[in-house]
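Given chain G, put chain Z in place with the hints provided.
In the order they appear, the protein sequences are chains G and Z.
Numbered per our numbering, the first sequence spans residues 1 to 203.
Numbered per our numbering, the second sequence spans residues 1 to 203.
In case anyone wonders, no lab produced these hints; they're calculated from the structure.
Some hints here could point you the wrong way.
Heads up, the list lumps identical chains together, so a pair's fine if it works in one copy or across two of them.
Said to hold, decoys possible - Taking lysine-lysine pairs in the DSSO-like style, the calculated list, with each CA pair at most 27 Å apart, reads:
#1 K93 with K181
#2 K45 with K181
#3 K103 with K45
#4 K90 with K45
#5 K45 with K93
None of these values were measured; they are calculated from a predicted model.
2 protein chains.
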Amino acid sequence: MSDRPLRDLLAAFASSDPTPGGGSASAVASAIGASLLTMVASLPKTRSSSDEDRSALAAARQALTGITHQLTEAIDNDSLAYDGVVAAYKLPKASEPEQAARKAAIQRALRSATDVPLGVVRLSVLALREAAAVAAHGHRAAASDVGVAVALLSAGARGARLNVDINLGSLNDGSYAEAVKVESAGLASEAAELAAAAEASLR
Amino acid sequence: MSDRPLRDLLAAFASSDPTPGGGSASAVASAIGASLLTMVASLPKTRSSSDEDRSALAAARQALTGITHQLTEAIDNDSLAYDGVVAAYKLPKASEPEQAARKAAIQRALRSATDVPLGVVRLSVLALREAAAVAAHGHRAAASDVGVAVALLSAGARGARLNVDINLGSLNDGSYAEAVKVESAGLASEAAELAAAAEASLR
Chain G
1 MSDRPLRDLL AAFASSDPTP GGGSASAVAS AIGASLLTMV ASLPKTRSSS
51 DEDRSALAAA RQALTGITHQ LTEAIDNDSL AYDGVVAAYK LPKASEPEQA
101 ARKAAIQRAL RSATDVPLGV VRLSVLALRE AAAVAAHGHR AAASDVGVAV
151 ALLSAGARGA RLNVDINLGS LNDGSYAEAV KVESAGLASE AAELAAAAEA
201 SLR
Chain Z
1 MSDRPLRDLL AAFASSDPTP GGGSASAVAS AIGASLLTMV ASLPKTRSSS
51 DEDRSALAAA RQALTGITHQ LTEAIDNDSL AYDGVVAAYK LPKASEPEQA
101 ARKAAIQRAL RSATDVPLGV VRLSVLALRE AAAVAAHGHR AAASDVGVAV
151 ALLSAGARGA RLNVDINLGS LNDGSYAEAV KVESAGLASE AAELAAAAEA
201 SLR
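Isolated chain G, as found in the complex (with noise of 0.2 Å):
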C-alpha cells in the first residue's frame, strides 16, 4: 500500500472493502510521526547546538529510521492479516475434519491478526522513548512539529492497541490472550506517560 498515491489510499480507507482498515490507518499515523521526529532529528540546528545534542539526535535519528520502516511494513501486513481471517472463515465445514482444519486455520490467521497491531504498539512506543530525545535536545523552532509527532505516535498506539483488543476474545489460546492484554495494557501506559514527557518538556 505504501506505494499506492495517498489520494488512492484514502480512497481504499473510505470504502466499504474490509481492508485496508484501522489497523494499517493506525500504522500509517504512527509512521508519520516517527517520520516527523526523525526530521527534526536531522535539522541542521539543535537546542543549544551541543555536542551533546548532536550525538543524541544522531542516535534518535538512526532509531526513527528503522522504527519508520518497520512501520510501513506493518501497513500492508495488518491488512494482510485481517484478509487471512476473512479467508479462513470461508474455509468449507461441510465434514468434521474439514470444520476441525477451519477452526485451526481461523485461530492461525486471528493470531497473526493480534501480531501485527501489537507490533504497532511496540514500535509506537519505542518512536515515543525517542521523542523525548527529541524534544530535549531539538531545535526549539521545531517544537510543534514534535507535538504533532507525539499526538500521531499516541493515537496510532491506541488505535492498534483497539485492534490487539477486539481479536482477544475471539482466541482459543488463554494463556497467549492474556500475555497480550497484560502487555499491551503496560505499553498502553508507558506510552501516555512518554507522551507526557516529552509535552512537558517542549515548554
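Just chain Z now, kept in the frame of chain G:
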C-alpha cells in the same frame, strides 16, 4: 502531495526540508480518520438494520466525503502557506520601503499559515460530529474502526491547533489573533467532548 506514493510522503516528512511538516501531517491524520468513518457509514450492515440507521449513515457519509476532500486539499495548502512564510522572510530589507513591504508580506503569509491549520481543526471537529452518528448507527463489528477514526481525528485537531498557536505570537493584528485563540480553544473543548461521546456509544 496527495498524488505522491505514501512511501515518498513519509520520506518528505522525514527530510530536514521545512515542508511538509506537522501541519500537513495533521491534515493527513484527520483525512484518514474521516475516510475510516466513511467506510463504516458505507457498510451494508448497520447497528440494528433500521431505516433510521440507514438515513443517519447516508447523511454522515455525504458530509464526510466533503470533509475528506477539504482535508486532502489542506495537506498541500499547509505546506504552500508555510513556504510563503519562508519566502516572505527572505524578501530584501535594504531600504525602508523594502522593509515595510517585507513586513506586510510576512504578516499576510503568517495569516495564511494560521488560517490553513485553523481550517483543519474546524474540519476535524465537523468529522468528530459525524463520528457520534456513525458510532451510534454503524455496524458493531466496525467499532474498532470508529475508535481508530476518533483517535486520528483528535490527534489531527490537536496537531493542527499546535500549528495555529505557534503563529499567533508573531501576528500584529491583535484582534484577529485573539479571535483565533478563542475559536481554537473552543474547538479543542468540543473535539474532546465529541470524542468522549463517540467512544461512550461504542461500548
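Results for each hint:
For the identical chains of this complex, K93 and K181 are neighbours neither inside a copy (31 Å) nor across copies (61 Å), given an alpha-carbon limit of 27 Å. For the identical chains of this complex, K45 and K181 are neighbours neither inside a copy (42 Å) nor across copies (29 Å), given an alpha-carbon limit of 27 Å. Taking the shortest alpha-carbon separations for K103 and K45, only the inter-copy value of 25 Å comes in at or below 27 Å, while the best intra-copy value is 57 Å. Taking the shortest Cα distances, K90 and K45 sit within 27 Å of each other only across copies (18 Å), while inside one copy they are farther apart (56 Å).
For the homomeric pair K45 and K93, the shortest alpha-carbon distance between copies (24 Å) is at most 27 Å, but the shortest distance inside one copy (63 Å) is not.
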